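From first to last, the protein sequence lines stand for chains S and U.
Per numbering that gives the first Met the number 0, residue 0 is the first one in the first sequence, and the count goes up by one each step.
Per numbering that gives the first Met the number 0, residue 0 is the first one in the second sequence, and the count goes up by one each step.
It should be emphasised that the hints constitute simulated quantities derived from the structure, not laboratory data.
Any given hint could be a false lead.
[Said to hold, decoys possible] Keeping only pairs whose Cα atoms sit at most 27 Å apart, straight-line, the calculated DSS-like set for lysine-lysine is: (1) S:Lys278 with U:Lys133; (2) U:Lys133 with S:Lys279; (3) S:Lys278 with U:Lys116; (4) U:Lys116 with U:Lys133; (5) S:Lys279 with U:Lys116.
[As the list claims (entries may be wrong)] Rough simulated footprint, nothing fancy, chain U against chain S, three-plus residues with beta-carbon under 8 Å: (6) 153-167; (7) 175-188.
All of these numbers come straight from a predicted model, not from anything done at the bench.
Glycine included, C-beta positions come from ideal geometry on N, C-alpha and C.
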Amino acid sequence: MSNHPQAIQDVFAKGITCSVAIFLMCVFFWLLGDIALHGLSGLTWEFLTTSPMNAGREGGIGPILVSTLLILLVCMTAVLPIGLGTAILLSEFSHQFEWAGNLIRRSLDVLAGVPSIVFGLFGNAFFCVTLGLGFSIVSGGLTLACMVLPIFIRSTEEGFRGLPADYRFSTAALGLSQTSTLVSLLIPAAMPALLAGFILGLGRAIAETAALIFTSGYVDRMPASLWDSGRALSIHIYDLSMNVPGGDTNAYASALVLVTLLFMINAGAQAIGHRWSSKKVIAA
Amino acid sequence: MSQQSALPTPIPFESQAAPLPTLMSAPFISTDNVSVRYGSHQALEDVSLSIRQGGITALVGPSGSGKTSFLTCLNRLTDLVPNCQVTGTIRFGNVDILSPHTEVLPLRRRIGMIFQKPNPFPFSIRRNLAFPLKEHGIRDTATIETFIQQTLTRVGLWEEVRDRLDSPAQALSGGQQQRLCIARALILSPEVLLMDEPCSALDPLSSGVVEDLITSLRNRYTIIMVTHNLAQARRIADQVALFWIQGQTGTLIETQPTRDFFTRPQHILTKEYIDGVRG
Chain S
0 MSNHPQAIQD VFAKGITCSV AIFLMCVFFW LLGDIALHGL SGLTWEFLTT
50 SPMNAGREGG IGPILVSTLL ILLVCMTAVL PIGLGTAILL SEFSHQFEWA
100 GNLIRRSLDV LAGVPSIVFG LFGNAFFCVT LGLGFSIVSG GLTLACMVLP
150 IFIRSTEEGF RGLPADYRFS TAALGLSQTS TLVSLLIPAA MPALLAGFIL
200 GLGRAIAETA ALIFTSGYVD RMPASLWDSG RALSIHIYDL SMNVPGGDTN
250 AYASALVLVT LLFMINAGAQ AIGHRWSSKK VIAA
Chain U
0 MSQQSALPTP IPFESQAAPL PTLMSAPFIS TDNVSVRYGS HQALEDVSLS
50 IRQGGITALV GPSGSGKTSF LTCLNRLTDL VPNCQVTGTI RFGNVDILSP
100 HTEVLPLRRR IGMIFQKPNP FPFSIRRNLA FPLKEHGIRD TATIETFIQQ
150 TLTRVGLWEE VRDRLDSPAQ ALSGGQQQRL CIARALILSP EVLLMDEPCS
200 ALDPLSSGVV EDLITSLRNR YTIIMVTHNL AQARRIADQV ALFWIQGQTG
250 TLIETQPTRD FFTRPQHILT KEYIDGVRG
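Whenever a hint applies, use it, and build me the whole structure from the sequences.
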């Protein structure tokens with residue numbers, strides 16, 4: 000090894016970056032390991048399918064799992080079209096009204112940083128009261144959508160902006176419309192960024208408690224429709240660990256389900272997205 | 000869609016070898032006082048130029064003299080540039096290109112463009128060619144396959160890629176990519192080809208192959224080509240136009256048939272440019 004001062008500096012810098020990365024990985028695995036260690040024992044098929052009893056100390060999380068999935072479904076159904084539309088507007092068309100585009104972008108950046116409790120109060124006032132949706136899965140899902148949209152839009156917009164400008168010019172020069180360029184080329188090519196935004200947003204939504212307490216409620220019954228209230232997994236975990244002495248085992252098992260759910264949805268979204276875009280786009 | 004109904008049947012390439020019967024004297028494209036502004040910056044001023052059918056016109060001149068801006072006016076690609084304003088008149092046959100009533104999509108089908116950097120889509124070789132055809136209303140798979148083979152043969156790429164039509168186009172070499180891009184433009188049977196320094200991003204060998212290809216397209220297509228390579232302009236162009244930058248603004252200095260341009264330049268700038276004194 001060289002004793003040259005610059006070489007030593009490089010070795011030092013490499014050491015620091017490596018140890019930071021290793022440290023972060025350790026934290027991640029510690030967290031996962033802790034949850035898995037304490038939660039695995041409680042995780043049974045019965046736990047996943049039955050209703051909670053005795054404030055959640057016993058029984059399972061069946062209705063809670065269903066409510067969580069329904070809330071996410073409502074949230075993502077709202078986020079995908081609105082978010083994709085806005086991202087396309089901002090990246091492809093906003094040069095025609097630059098000041099408005101910048102205003103929208105600035106607003107989204109501020110919104111992305113707003114604490115979730117504020118979204119909860121807004122959701123309660125707007126969806127539950129003004130629109131009369133009450134404490135319901137729809138209210139909760141739509142409130143989460145408001146929270147997720149800024150993240151999803153900005154990440155997707157960056158994805159579109161990152162594509163070579165060549166693509167727009169060469170399709171235009173072939174007399175192709177902007178719509179077919181978007182559908183056949185830009186959206187498939189921006190799929191990785193789109194998925195990243197989707198997963199980032201989903202992560203924020205699935206972990207949310209504060210915004211949901213005020214909107215989808217915390218009743219742990221099985222919801223009969225989207226207009227019923229329902230308790231999300233994250234609220235259940237919060238409740239078990241804060242308000243229910245002796246609920247730790249089930250709290251851990253629920254947390255394990257939450258993390259697994261996140262992984263599964265990530266993998267599913269990746270697979271579907273890549274499958275769709277690989278039919279259209281193949282890079283070298 | 001209107002551009003679908005306007006789609007003429009492409010002429011089989013075998014019959015394209017013969018030059019089109021043309022009125023050599025009548026200009027095919029003529030521009031009258033064309034000026035381009037980007038916001039407050041006047042990039043090009045008062046360019047009046049006549050281009051006859053089937054010839055190769057080379058646009059030469061230093062960087063920033065507005066050659067590419069001029070080229071992109073001809074297929075209205077300037078529409079895509081924010082704050083870009085084009086004034087003047089450009090006639091293409093009986094079409095007024097700059098008129099707001101002119102439909103740009105069918106226009107761009109008739110006036111193809113090749114860019115400096117080869118820019119195949121991130122698709123397979125086959126889909127790079129099939130995609131524009133399908134978008135312009137040709138759906139029949141057998142027809143598409145025939146067009147693909149004819150066009151790839153035309154640009155001399157068929158033998159090189161016939162066994163890997165489904166592999167990524169972006170894995171081809173630079174010269175092959177550029178020939179694919181030319182094929183992609185040709186497959187729509189355009190009448191005019193705009194080329195923005197089509198050889199400058201290529202190695203000398205590929206550059207030579209692409210240049211030969213361009214020469215072979217003479218007469219069948221009207222070619223307008225920006226080039227920094229004076230020797231190339233001399234080799235292949237029928238007429239040469241010199242653009243120059245004065246202040247911040249590009250202008251057209253002189254247009255001459257190639258032989259006259261190099262042997263009897265009218266303007267002192269032209270003489271100095273071809274002698275290598277300026278530029």
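Inset, instruction - May I ask which of the numbered hints given earlier this structure violates, with the numbers listed in increasing order? - result: none
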